[in-house]
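These protein sequences, in sequence, are chains X and C.
Its first residue numbered 1, the first sequence is counted upward by one per residue in the working numbering.
Its first residue numbered 1, the second sequence is counted upward by one per residue in the working numbering.
Take these hints with a grain of salt, some might be off.
Here are the simulated lysine to any residue pairs, SDA-like style, with alpha carbons at most 25 Å apart [as the list claims (entries may be wrong)]:
(1) Lys86(X) - Ser109(X)
(2) Lys196(X) - Gly107(C)
(3) Lys196(X) - Thr146(C)
(4) Lys196(X) - Asp178(C)
(5) Lys196(X) - Ile185(C)
(6) Lys196(X) - Gln74(C)
(7) Lys125(C) - Tyr51(X)
(8) Lys125(C) - Met1(X)
(9) Lys196(X) - Leu12(X)
(10) Lys125(C) - Leu201(X)
(11) Lys73(X) - Ala126(X)
(12) Lys125(C) - Gly5(X)
(13) Lys196(X) - Arg195(C)
(14) Lys196(X) - Ala140(C)
(15) Lys196(X) - Ala85(C)
(16) Lys196(X) - Gln290(X)
(17) Lys125(C) - Glu14(X)
(18) Lys196(X) - Pro91(C)
(19) Lys125(C) - Arg195(C)
(20) Lys196(X) - Gly16(C)
(21) Lys196(X) - Glu86(C)
(22) Lys196(X) - Arg10(C)
(23) Lys86(X) - Glu75(X)
(24) Lys125(C) - Ala140(C)
(25) Lys73(X) - Gln108(X)
(26) Lys73(X) - Leu36(X)
(27) Lys73(X) - Arg128(X)
(28) Lys196(X) - Glu184(C)
(29) Lys196(X) - Pro73(C)
(30) Lys196(X) - Ala56(C)
(31) Lys196(X) - Leu177(C)
(32) Lys196(X) - Leu368(X)
(33) Lys73(X) - Tyr51(X)
(34) Lys196(X) - Asn18(C)
(35) Lys196(X) - Ser175(C)
(36) Lys196(X) - Val205(C)
(37) Lys73(X) - Asp104(X)
These are computed hints drawn from the structure, not numbers from a lab.
Note that this is a predicted model, so its numbers are computed, not measured.
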Amino acid sequence: MSSAGIVFRKELREIIRDRRTLIAIGLAVLASPVVLLVISQVSTRSVAQTYTVGYTGEIPAGLDVLFNATGLKFERVDDPAEAARKEVDLGVVFTPNGIDEYYDPTRQSAQIADIRLQTILGRYDAARIAAALQAKGVDPSILNPLPVTVHPLSSPAEAAGNAFLSFFLPYILITMSLTGGLSAALDASAGERERKTLESLLLTPAPRGAVLIGKLLAVSLISLVAAVAAIASMLVALSQIDFGISQGVKTHVALSPLAASVMVWLALLLSVAFASVTVTLGTLARNFRQGQAYATPLYFITIFPASIVLFIPDFNPGLAYYTIPILNAVLVMRDAILHNVVSAGALAVTSASLIVTGALCFYAALRLFTREALLVRS
Amino acid sequence: MTDVAVRVDRLEKTLGRNEVLRGISFDARSGEIFGLLGPNGAGKTTTLRVICTLLAPDAGSVEVLGFDTRTAPQEVRRRVGVVTAEFGVYPRLSARENIAYFAELSGVGRARAGRTSGLDGELNKRVDGVIERLDIGSFARQRAETLSSGQKQKVAIARAIVHDPPVLMFDEPTSNLDVLASREIREFMVESKGRGKCVIFSTHVLHDAERLCDRVTIIHEGRVVASGPTAEVRGTHQDLEDSFLSLVEAAS
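Start from the sequences, fold in the hints, and give me the full structure.
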């Protein structure tokens, strides 16, 4: 067996016996579906929830029927403006000239109740206008000279599910590619110094490049396993979660074969790139704890790109953006999950970018690993 | 035996701004225990690190059994075993796995092609041999994290000698050990000498050096202040410690 193979086997054996790594991976595999289930139940509850509107004055005839049908419950209060701060979700004053509405935009329940109220009032206005026009012998369709018939290519439930996945899956994949092997990476680099085994290891005739490759392969493998396991457990959970009813059929979310293939490929590239980065940082560190401190900023790197997809869903940059590591992976995964399409150019640039990142970090780690300062500092 | 195993010639080394070695020269021979003595900070560890190729010399040269440390570092590493006071072991591997790992990295058993799994016969034989020689058998299957300091030191020695190197270097090997474990190390050095190994013993415990070493070199502030057979260096002084103190004071 080659030196790299010997080191790989030994590192893997140590990783498998390391409770920290196994617990981290186990928690991620179990925690993600649980979090997903909780989010799903909370959001489902929001849709079915009844919101309270505190009011004064007289509700116009016919409007009360619409209110009852749309999950808005009306309660008479003394001061709607004051009640809207805490007691009820909306405050409404019905006057002969119209409606005064009070709500606190910082409360999500108030925002939802406001949207419902505006929708009902819009329908009420349209119905009243149509009735008035008909009474005067005018066809109400005159108000809508260019009627539009919408034919959505996917159900709202599917759209919501894919939009959710396009943020959550890349985030989980990237986070697990980093954290799944982080402990192992620091153990294989900074840990050698801390345990005082580095000198003995470097004293063997094994080429240092081969030693480093063995370590990187072991860390990459455990990162990949962690990422794929977390995604798989989440997909199993998603298959059990109801995302609403579409045309009378309960809708569950699933990944297309293309999206699944892209994710596995990117998980592989990300695992190797992160392994190179974390082993490099670990080689710089004197001990495990210092290595953790060095690696902390990496967590932000994983969060920011995924956040872009969350806050700017239609972010469609040029090919140059796909050279930015991590962001490129997020964008490619988003396209694969959301649109079931991946541009060959974007995938090629993304792959090249991640491979170059990994190679540069490996080179940096190798330079550090062969420097005398590595021993003198320890 | 009087073959020169390690030749250090006008060795100079600076670490950062610290000029650690300033032209050190000595020879260590096969079949002897050679003492490298000096106070803390004299440059003993740096000298050993240059000999075993962990550090490169700034000037001068080091040869191990004819191989220059600059031009043939891997050949040198194949022929050297080092035991230090910091006997770090891999805690989640057993004592045996620790030894086997270093044996494999040192090329033991690698000549056998076509092996598919497990340790091959030659590797097993070599690992079992050092386990028996150092009396490690009773804890060979235990994880290293559960071993005592003395047991860990034995594992550290085993991994340093498992490839049967002709040159053994001990850098303050007993400084973290109790009396019994220290005695075992000393006995091991004597046994290795008997097997024709070149044993380089770096220490500031002069009592040990006087008992064990055939020849010594005393270094102080990166320079050799005395070198020769132990009795000759002791000279007219009562013991090596007196001689050492007078030499160091004279050099300061």
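Verification of the supplied hints:
| no. | hint | verdict |
| --- | --- | --- |
| 1 | Lys86(X) - Ser109(X) | 11 Å, holds |
| 2 | Lys196(X) - Gly107(C) | 22 Å, holds |
| 3 | Lys196(X) - Thr146(C) | 17 Å, holds |
| 4 | Lys196(X) - Asp178(C) | 20 Å, holds |
| 5 | Lys196(X) - Ile185(C) | 20 Å, holds |
| 6 | Lys196(X) - Gln74(C) | 21 Å, holds |
| 7 | Lys125(C) - Tyr51(X) | 79 Å, violated |
| 8 | Lys125(C) - Met1(X) | 18 Å, holds |
| 9 | Lys196(X) - Leu12(X) | 20 Å, holds |
| 10 | Lys125(C) - Leu201(X) | 22 Å, holds |
| 11 | Lys73(X) - Ala126(X) | 22 Å, holds |
| 12 | Lys125(C) - Gly5(X) | 21 Å, holds |
| 13 | Lys196(X) - Arg195(C) | 29 Å, violated |
| 14 | Lys196(X) - Ala140(C) | 20 Å, holds |
| 15 | Lys196(X) - Ala85(C) | 10 Å, holds |
| 16 | Lys196(X) - Gln290(X) | 16 Å, holds |
| 17 | Lys125(C) - Glu14(X) | 24 Å, holds |
| 18 | Lys196(X) - Pro91(C) | 11 Å, holds |
| 19 | Lys125(C) - Arg195(C) | 19 Å, holds |
| 20 | Lys196(X) - Gly16(C) | 22 Å, holds |
| 21 | Lys196(X) - Glu86(C) | 6 Å, holds |
| 22 | Lys196(X) - Arg10(C) | 30 Å, violated |
| 23 | Lys86(X) - Glu75(X) | 14 Å, holds |
| 24 | Lys125(C) - Ala140(C) | 14 Å, holds |
| 25 | Lys73(X) - Gln108(X) | 17 Å, holds |
| 26 | Lys73(X) - Leu36(X) | 30 Å, violated |
| 27 | Lys73(X) - Arg128(X) | 22 Å, holds |
| 28 | Lys196(X) - Glu184(C) | 22 Å, holds |
| 29 | Lys196(X) - Pro73(C) | 22 Å, holds |
| 30 | Lys196(X) - Ala56(C) | 20 Å, holds |
| 31 | Lys196(X) - Leu177(C) | 16 Å, holds |
| 32 | Lys196(X) - Leu368(X) | 17 Å, holds |
| 33 | Lys73(X) - Tyr51(X) | 6 Å, holds |
| 34 | Lys196(X) - Asn18(C) | 23 Å, holds |
| 35 | Lys196(X) - Ser175(C) | 15 Å, holds |
| 36 | Lys196(X) - Val205(C) | 23 Å, holds |
| 37 | Lys73(X) - Asp104(X) | 18 Å, holds |
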